[in-house]
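Colleague: Sequence:
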Amino acid sequence: MSTTTLLIDNIGELSTQDWGDGSPEAAAASVLRDAAVVLDGERIAWVGRSSSAPAADARYDAAGRAALPGWVDSHSHLVFAGDRTAEFEARMAGQAYAAGGIGVTTAATRAASDGELRRLLASRVAEAAAWGTTYLETKTGYGLDVENERRSAALAAEAVDEVTYLGAHLVPAGADAEEYTDLVCREMLAAVRPYVRWADVFCERGAFTEEQSRRVLLACRDAGLGLRVHGNQLGPGAGVRLAAELGAASVDHVNFLDDADVEALAGTWSGWTGPSAESEVGTVATVLPACDLSTRAPLAPARRLLDAGVQLAIASNCNPGTSYTSSVAFCVTTAVLQMGLSVQEAVRGATFGAALALRRHVGRDEDGQRAVGSIAVGHRADVQLLDAPSATHLAYRPGMPLTHAVWRAGKQVR
15 MSTTTLLIDN
25 IGELSTQDWG
35 DGSPEAAAAS
45 VLRDAAVVLD
55 GERIAWVGRS
65 SSAPAADARY
75 DAAGRAALPG
85 WVDSHSHLVF
95 AGDRTAEFEA
105 RMAGQAYAAG
115 GIGVTTAATR
125 AASDGELRRL
135 LASRVAEAAA
145 WGTTYLETKT
155 GYGLDVENER
165 RSAALAAEAV
175 DEVTYLGAHL
185 VPAGADAEEY
195 TDLVCREMLA
205 AVRPYVRWAD
215 VFCERGAFTE
225 EQSRRVLLAC
235 RDAGLGLRVH
245 GNQLGPGAGV
255 RLAAELGAAS
265 VDHVNFLDDA
275 DVEALAGTWS
285 GWTGPSAESE
295 VGTVATVLPA
305 CDLSTRAPLA
315 PARRLLDAGV
325 QLAIASNCNP
335 GTSYTSSVAF
345 CVTTAVLQMG
355 LSVQEAVRGA
365 TFGAALALRR
375 HVGRDEDGQR
385 AVGSIAVGHR
395 ADVQLLDAPS
405 ATHLAYRPGM
415 PLTHAVWRAG
425 KQVR
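Here the sequence shown stands for residues 15 to 428, numbered as in my numbering.
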């Protein structure tokens, strides 16, 4: 079946995020002026100067606007019902965040029908897409029993690109922690396995201990799942080092790090030579700026991690308790204004870096498993245009609605 080609030309600034080795020189080379992109169905067919662009079936005049990859949101919790406004108000009044608020959402989610959860999930996915997110991960974790975790995984698999099993989010009220950990590793894992690619664990005080987290991760790895870890959010802990030891694709939050944590993460990147299928990929540190602001936690040390040689991702952590936003642009803005990143470093974290955390930074064009998070021939046709001449305006004009147009897998969704 033939596809229609689309030429997006007259792009004032095209940030491809094809950084090579990640050096400043490679970063500069990844920004093209007076550029154009050709989309051929779901794939990118051509990238270059507007003056050299090939003919296409249709044309979209970018009118000097900036273009960049669609956001890759590698950490979200979208399958939920209910509201936690009261908890947020209490936190803003000075109450410390604790993991126990998850139980409020669990009760509401269990009580919701499949139809209601499906409607809420679709609405959240559409909202994210309208503001530039073109590739989306989400987690289970508000079911916390076998049937509700299975249901959450199945619903998520209908709506998003990547699904993560997070049965180890919190020990439900009244449950024995050891017995619940066994359930997560056995019956619950078997129930969700057909729908998920990843497994995660909240390795934190008030959630799961280091030993319990290790059991969960090893059981999930034995079942063929890739690993992720919620770690070092509420204080120093074992999450980062456990993620590095077990070869997790990412460790997320990372607010409280000591020198040993940073060294452990940096060590996983010793074999990294750049974004190729053959390059050894380490554990990505995923920072969640909107969550840090909402919980009034110390901002994750993104600058320190980058300077140590750790690859960084930026994600929304959209959830009802600690980060009720799917605006990756807001997270990019915060990373620039408050975390000490350059605009290009922050954009990279929310595109290529997040794709790296999902191991979707490379892909084989011929079998349709196309790379996301960067704009290059053969990659998935995920592109956003800003109502601005450069990506710098994301931080220069904080809070402004700059998303002008979005293509996801070649289809315009905004």
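Any given hint could be a false lead.
[Stated by the list, open to error] Across the chosen pairs, the derived CB separations fall in these ranges: (1) Arg373 <-> Ala144: 22 to 28 Å; (2) Thr287 <-> Gly188: 49 to 55 Å; (3) Ala237 <-> Asp273: 32 to 38 Å; (4) Arg373 <-> Glu141: 22 to 28 Å; (5) Ala42 <-> Arg219: 28 to 34 Å; (6) Gln426 <-> Asp273: 33 to 39 Å; (7) Asp273 <-> Gly354: 14 to 20 Å.
Just so you know, these hints were derived from the structure itself, not from any lab.
The model shown is predicted, which means the values in this text are computed figures rather than measured ones.
Think of the CB as a built atom: it goes at the ideal place given N, C-alpha and C, for glycine as much as any other residue.
Colleague: Take the hints in turn and mark each one as holding or not.
Modeller: Hints versus structure:
Against the hinted window of 22 to 28 Å, the Cβ-Cβ separation of Arg373 and Ala144 comes to about 26 Å, which satisfies the hint. Against the hinted window of 49 to 55 Å, the Cβ-Cβ separation of Thr287 and Gly188 comes to about 50 Å, which satisfies the hint. Taking 32 to 38 Å as the suggested C-beta distance range, the pair Ala237 and Asp273 conforms, at roughly 34 Å. Checked against the given bound of 22 to 28 Å, the beta carbons of Arg373 and Glu141, roughly 26 Å apart, stay inside it.
A hinted range of 28 to 34 Å is violated for the C-beta pair Ala42 and Arg219, which are about 43 Å apart. Separation of Gln426 from Asp273 is about 47 Å and departs from the stated range, judged on CB atoms against 33 to 39 Å. Separation of Asp273 from Gly354 is about 18 Å and conforms to the stated range, judged on CB atoms against 14 to 20 Å.
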